[in-house]
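K.L.:
In terms of our numbering, the sequence shown opens at residue -15 and continues consecutively.
No wet-lab data here; the hints were simulated from the structure. Every residue gets a Cβ at the ideal spot worked out from N, C-alpha and C, and that includes glycine. You may find that some hints are simply not true.
[Said to hold, decoys possible] Pairwise CB distance ranges (calculated):
(1) 195 with 20: 36 to 46 Å
(2) 226 with -15: 48 to 58 Å
(3) 103 with 200: 39 to 49 Å
(4) 61 with 147: 20 to 30 Å
(5) 50 with 138: 21 to 31 Å
(6) 203 with 131: 33 to 43 Å
(7) -4 with 34: 37 to 47 Å
(8) 133 with 172: 40 to 50 Å
(9) 8 with 174: 35 to 45 Å
(10) 25 with 202: 40 to 50 Å
(11) -13 with 197: 40 to 50 Å
(12) 172 with 148: 16 to 26 Å
(13) 206 with 23: 43 to 53 Å
[What the hints assert, rightly or not] Straight-line C-alpha distance at most 16 Å; calculated EDC-like pairs for lysine to aspartate or glutamate:
(14) 135 with 145
(15) 94 with 223
(16) 104 with 90
(17) 224 with 193
(18) 206 with 241
(19) 18 with -13
(20) 190 with 227
(21) 154 with 50
(22) 51 with 191
(23) 210 with 193
(24) 210 with 191
(25) 94 with -13
(26) 110 with 98
(27) 192 with 145
(28) 81 with 181
(29) 104 with 145
(30) 190 with 132
(31) 206 with 223
(32) 110 with 37
(33) 51 with 90
(34) 143 with 131
(35) 104 with 241
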Amino acid sequence: MYDLNTISRNLNTNIIGRSIIQYDCLNSTLAKAKNIFASCPDGTVILSENQTEPSRSASQWPYVSDKNIYLSIILKSVTSDQVLPLMGVAGCSSVLKSAENLYGLDCRIKWPNDVIINGKSFSYTKSDIGAKGSGIIITLNINVNMEEEIKNSKITSIKAETGQETEREKLIGTILSEIEIHYKEIMNTGKASSALDIYNKNLLYKDKEIGVIKKGRKTLRKVLVKNINTNGWLTVINEKGQEEILSPGDISIQYEEA
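Working from the sequences, and respecting the hints, build out all of it.
P.N.:
As structure tokens, this is what we get:
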């Protein structure tokens, strides 16, 4: 199980992580967070050593006990649907900055959900509306110390990249502290300027051409990526030279690094 005292020693927050509930195994931390949302204070963190209902295909993203980080954060002070993608931006930016500062890793962000190293994802972020349409829940799945389970796969882990065993609790405390910085900015201003700055500086396909396919269609279009806008959506230049805004729920992306 996670050492909660070590997490607390690495926290620099007054909201997020002041209440932490941990479990040995859950269907998912997101489902549990929604279930207990009403009874928990703002900033409550749900931790689990493993999950049985992963948000991604288990064949593509294996879940392993005692080696990775599976958590959800209950955030009650932001309620607007417009803020939802910005909290996802905050989550990705916080994971990236923490991994770079703690381990010297050169990370990129693959919009909208993944933080990657050397072309392989090691972290997945999801933001959801809380119970009964109130608040927001951020969910993080981070590959930390597994190696054998991901050999020859399209994902990686911090240990696979550094060769070193990683203290999960220190990483959790650091990430939660970063998220709180962005959370407070969003609460106070309705904007996520600092998180977006990190995100756009590290966007995998910034100023590059990608292929996009609208859901329900088969036609692949080529567009040039500009950045992530202030709403957390992708800004591109289409084949007609016009600026276009793409929502993550409406498209799939094809991109290969040269």
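K.L.:
Compare the structure with each hint and give your call.
P.N.:
The hints, checked one at a time:
1. Range check, residue 195 to residue 20: Cβ separation about 41 Å, and the 36 to 46 Å hint holds.
2. A hinted range of 48 to 58 Å holds for the C-beta pair residue 226 and residue -15, which are about 53 Å apart.
3. At roughly 29 Å, the beta-carbon separation of residue 103 and residue 200 lies outside the given 39 to 49 Å, and the hint is violated.
4. Judged by the Cβ atoms, the range 20 to 30 Å given for residue 61 and residue 147 is violated: they are separated by roughly 40 Å.
5. Between residue 50 and residue 138 the beta carbon distance is about 23 Å. The supplied range of 21 to 31 Å therefore holds.
6. Range check, residue 203 to residue 131: Cβ separation about 40 Å, and the 33 to 43 Å hint holds.
7. For the pair residue -4 and residue 34, the supplied restraint of 37 to 47 Å is violated, since their beta-carbon distance comes to about 28 Å.
8. Distance hint check: the CB atoms of residue 133 and residue 172 are about 41 Å apart, consistent with the given range 40 to 50 Å.
9. About 38 Å separates the C-beta atoms of residue 8 and residue 174, a value consistent with the hinted range of 35 to 45 Å.
10. Taking 40 to 50 Å as the suggested C-beta distance range, the pair residue 25 and residue 202 conforms, at roughly 48 Å.
11. In this structure the supplied range 40 to 50 Å holds for residue -13 paired with residue 197, their Cβ-Cβ distance being about 45 Å.
12. Our hint of 16 to 26 Å for residue 172 and residue 148 is violated, since their Cβ atoms are close to 38 Å apart.
13. Checking the proposed 43 to 53 Å range against residue 206 and residue 23 shows it holds: the Cβ atoms sit about 49 Å from each other.
14. Between residue 135 and residue 145 the CA atoms are separated by roughly 12 Å; this keeps the pair inside 16 Å, and the hint holds.
15. With a C-alpha separation of about 22 Å, the suggested pairing of residue 94 with residue 223 is violated against the 16 Å cut-off.
16. Between the alpha carbons of residue 104 and residue 90 the distance comes to roughly 12 Å, so the proposed pair stays at or under 16 Å and holds.
17. Distance hint between residue 224 and residue 193 is fulfilled; the C-alpha atoms sit about 14 Å from each other, no more than 16 Å.
18. Between residue 206 and residue 241 the CA atoms are separated by roughly 15 Å; this keeps the pair inside 16 Å, and the hint holds.
19. About 24 Å separates the Cα atoms of residue 18 and residue -13, which puts this hinted pair outside 16 Å; it is violated.
20. Proximity of residue 190 to residue 227 is assessed by CA-CA distance (about 14 Å); at most 16 Å being required, the pair is judged to hold.
21. Distance restraint check for residue 154 and residue 50: the Cα-Cα separation of roughly 15 Å lies within the 16 Å cut-off, and the hinted pair is therefore satisfied.
22. At most 16 Å may separate the alpha-carbon atoms for a hinted pair to count; residue 51 and residue 191 exceed this at roughly 36 Å.
23. Our distance criterion of 16 Å between C-alpha atoms is met by residue 210 and residue 193, whose separation comes to about 10 Å.
24. Restraint check for residue 210 and residue 191: satisfied, since their Cα atoms lie roughly 5 Å apart, inside the 16 Å limit.
25. Taken as a hint, the residue 94 and residue -13 pair is broken in the structure, with Cα atoms around 31 Å apart against an allowance of 16 Å.
26. A threshold of 16 Å between alpha carbons decides the hint, and for residue 110 with residue 98 the separation of about 9 Å falls inside it, so the pair holds.
27. Note on residue 192 and residue 145: the hinted pairing is violated, with a Cα-Cα distance of about 26 Å set against a maximum of 16 Å.
28. For the suggested pair residue 81 and residue 181, the alpha carbons sit about 11 Å apart, so the restraint of at most 16 Å is met.
29. Under the criterion of a C-alpha separation no larger than 16 Å, the hint pairing residue 104 with residue 145 is consistent with the structure, at around 10 Å.
30. For a cut-off of 16 Å, the pair hint linking residue 190 to residue 132 is broken: about 32 Å separates their Cα positions.
31. Distance check on the hinted pair: residue 206 and residue 223 sit about 7 Å apart at the alpha-carbon level, within 16 Å; holds.
32. Note on residue 110 and residue 37: the hinted pairing holds, with a Cα-Cα distance of about 15 Å set against a maximum of 16 Å.
33. For the proposed pair residue 51 and residue 90, the alpha carbon gap of about 22 Å is over 16 Å, so the pair is violated.
34. Of the supplied pair hints, the one linking residue 143 and residue 131 holds, its CA atoms being roughly 7 Å apart against a limit of 16 Å.
35. For the hint pairing residue 104 with residue 241, the CA-to-CA distance comes to about 11 Å; that is within 16 Å, so the pair holds.
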